[in-house]
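Protein chains in written order, with the numbering used here: chain A, 206 to 523; chain B, 20 to 299.
Hint data in this document are derived by calculation from the structure and do not stem from the laboratory.
Keep in mind that the hints are not guaranteed to be accurate.
Said to hold, decoys possible - Derived list of chain B stretches under chain A, where covered just means 3 residues or more per stretch with a C-beta under 8 Å from a C-beta of chain A:
id: 1; segment: 88-101
id: 2; segment: 107-117
id: 3; segment: 262-268
id: 4; segment: 273-284
We put the beta carbon where it would ideally sit given N, CA and C, even for glycine.
Each chain, written out:
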Amino acid sequence: MMAASVESLGAPSRPAAPVRTGRWGGHPTHLAQQRRWGALMLSPTLLILGLFTFVPIVLTFWISLHAWNMLTPITKMSWVGLSNYTNLFHDPTFRSSLLVTLVYVVIVVGITVPLSILVGMLLYFPRVRGKGVARTVLFTTYVIPTIAVAMVWGALYAPSYGPLAQMFHAVGLGQPTFLSSPSSALASLAAFNIWQMLGYYTVLVVAGLTQIPGDLYEAARVDGAGFVRQAMSITLPLLRRTTVFVVLIGVINAVQVFDPVYVLTQGGPITSTTVISYDIQRTAFTYGLAGEASAMAFSLLVLLVAVAVVILAFMRSR
Amino acid sequence: MMSPRWRTRVSRWLVRAAIGVVILVPLFPVYWMVISSLKRPADLLSVPPTWFPHDPTFAAYRTVFQVIPFARSFLNSFLIAGTATLSVLLTSIMAGYVFGKYHFKGRDALFWAIVATMFMPPIVTLVPLYWMVQHTGISNAYVRVLLPWLANAFGVFLMRQFMMDVPDELIDAARVDGASEGRIVFRVVAPLLWPAILTLGVFAFVYYWNNFLWPLTILQSASQYPVVLALAQLLSYNTTVQYQNVVMAGALIGSLPTIVVFLLAQRVFVQGIARSGVKG
Numbered sequence: 206m207m208a209a210s211v212e213s214l215g216a217p218s219r220p221a222a223p224v225r226t227g228r229w230g231g232h233p234t235h236l237a238q239q240r241r242w243g244a245l246m247l248s249p250t251l252l253i254l255g256l257f258t259f260v261p262i263v264l265t266f267w268i269s270l271h272a273w274n275m276l277t278p279i280t281k282m283s284w285v286g287l288s289n290y291t292n293l294f295h296d297p298t299f300r301s302s303l304l305v306t307l308v309y310v311v312i313v314v315g316i317t318v319p320l321s322i323l324v325g326m327l328l329y330f331p332r333v334r335g336k337g338v339a340r341t342v343l344f345t346t347y348v349i350p351t352i353a354v355a356m357v358w359g360a361l362y363a364p365s366y367g368p369l370a371q372m373f374h375a376v377g378l379g380q381p382t383f384l385s386s387p388s389s390a391l392a393s394l395a396a397f398n399i400w401q402m403l404g405y406y407t408v409l410v411v412a413g414l415t416q417i418p419g420d421l422y423e424a425a426r427v428d429g430a431g432f433v434r435q436a437m438s439i440t441l442p443l444l445r446r447t448t449v450f451v452v453l454i455g456v457i458n459a460v461q462v463f464d465p466v467y468v469l470t471q472g473g474p475i476t477s478t479t480v481i482s483y484d485i486q487r488t489a490f491t492y493g494l495a496g497e498a499s500a501m502a503f504s505l506l507v508l509l510v511a512v513a514v515v516i517l518a519f520m521r522s523r
Numbered sequence: 020m021m022s023p024r025w026r027t028r029v030s031r032w033l034v035r036a037a038i039g040v041v042i043l044v045p046l047f048p049v050y051w052m053v054i055s056s057l058k059r060p061a062d063l064l065s066v067p068p069t070w071f072p073h074d075p076t077f078a079a080y081r082t083v084f085q086v087i088p089f090a091r092s093f094l095n096s097f098l099i100a101g102t103a104t105l106s107v108l109l110t111s112i113m114a115g116y117v118f119g120k121y122h123f124k125g126r127d128a129l130f131w132a133i134v135a136t137m138f139m140p141p142i143v144t145l146v147p148l149y150w151m152v153q154h155t156g157i158s159n160a161y162v163r164v165l166l167p168w169l170a171n172a173f174g175v176f177l178m179r180q181f182m183m184d185v186p187d188e189l190i191d192a193a194r195v196d197g198a199s200e201g202r203i204v205f206r207v208v209a210p211l212l213w214p215a216i217l218t219l220g221v222f223a224f225v226y227y228w229n230n231f232l233w234p235l236t237i238l239q240s241a242s243q244y245p246v247v248l249a250l251a252q253l254l255s256y257n258t259t260v261q262y263q264n265v266v267m268a269g270a271l272i273g274s275l276p277t278i279v280v281f282l283l284a285q286r287v288f289v290q291g292i293a294r295s296g297v298k299g
């Protein structure tokens, strides 16, 4: 789709290539002027993103090859080669935070993606009132600051005077531990990420559903296919691109989780919620170990690129 | 056995019930936030919790402005998120136009390199970014926060996608009339793309208003804090239950700007985000 539209661009607006048609056509002063405008309009973006995105990526790698205490000047940095990486490999804390992050991502993506497809179908197919309200309400959670969301869910999770504990008690599920026990803290953090992000993914799913031609369902109905059958043989296969995109965004989003860990659990109880971004931030800014932190950060980047390549290859295949 | 008519009736009610759940689940935490902020300390301590405040009071809304520099933090947030949004709009419109309508060597490679950074978690570059901004010699806190926020990869992506839909004939006609490229972008093309611009504006405002990690890293004193940092401060100072009304009042006020901006632009914004997904 994207490639097609790139090719279909009209010839008259090609300032860099010789233009054959058009009244003002290939007049050299026009072309030179346009090229200058192009450079002028692109330069702020390239300058900012270059300086504050691309240069830091390279620097992260460079720092990861050194031992450097962030509280000292960068001139005190000393070369250690790949030893930060080899140390990481044997570091139980780093392994644990990778595992915690992985579990968190799997919980969040594993629940959000199927749920957003279900809710998306619910808000797209049936002709009943309230769908518009539901979509707006659902999406509103996405714009609330994560910090505020964490504060509210902290209150919801309160032990005996909290509403969720009360609900659990009422249906005979006993006294839930939520954020206070290592076995449930991570899942409790995942729960409110799902609550916050579901609306966003649902909107993407609904957008994907609108791309599926209606006459396919018409034909299926004529053939006597019921709702489940239609969902299995039309909706889900044709929604594949959207689904893969939602998985990709979901993984990227869940991997970065930081705010609720910082304000609610500080990585605990024990290390049950010490996710990778919290670990990196603490290593760098609390312990001052910039080299180690950069090695962790760069490893995360490499891992993510690998995951993204796999997901995108999955999208391209078939 | 149910007759077909009964079956459709039952499934209709099931769908209605499901939509009801989809509305209520997002609303419940917001409801809890509102009623908790109106409760008195004694009410907050009751076990089981009260689902409705017995004797509502707005006292917490006054207290929250006394325990943290909350008013100041609003000013900071509006200044930072507002400036970042304007700058992102400006840079993205210009870059989107060039990527969408110009042809030059390496254009697509450059564009996709920028898009790829959209997916990079900010934590990856936090250490060098902190060091770089520390060493720019700039002491103004707002400028330090804003430097990396003056352009945005998603903004460039979104504007380019919409720019490609603008007919070339329109741009050529304006060129024939002797309009400069700058005039074409801002006077001819941009007005056509107001839904996309509004979408990006809302997105950027929400993103920068809510951003926590970067201000936390780069800001040093509480008087420079944006709302989200002030809220975190509020939470860490007031961990006891009796202060939950104050914490909830703060969370509610702090969320209002993004909620209001979203609700005002809702229809256009949701469509714009949806299109960015379909086109991506």
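How the hints compare with the structure:
no. : hint    : result
1   : 88-101  : violated (count 0)
2   : 107-117 : holds (count 7)
3   : 262-268 : holds (count 3)
4   : 273-284 : holds (count 7)
Of the numbered hints listed earlier, the single one contradicted by the structure is hint 1.
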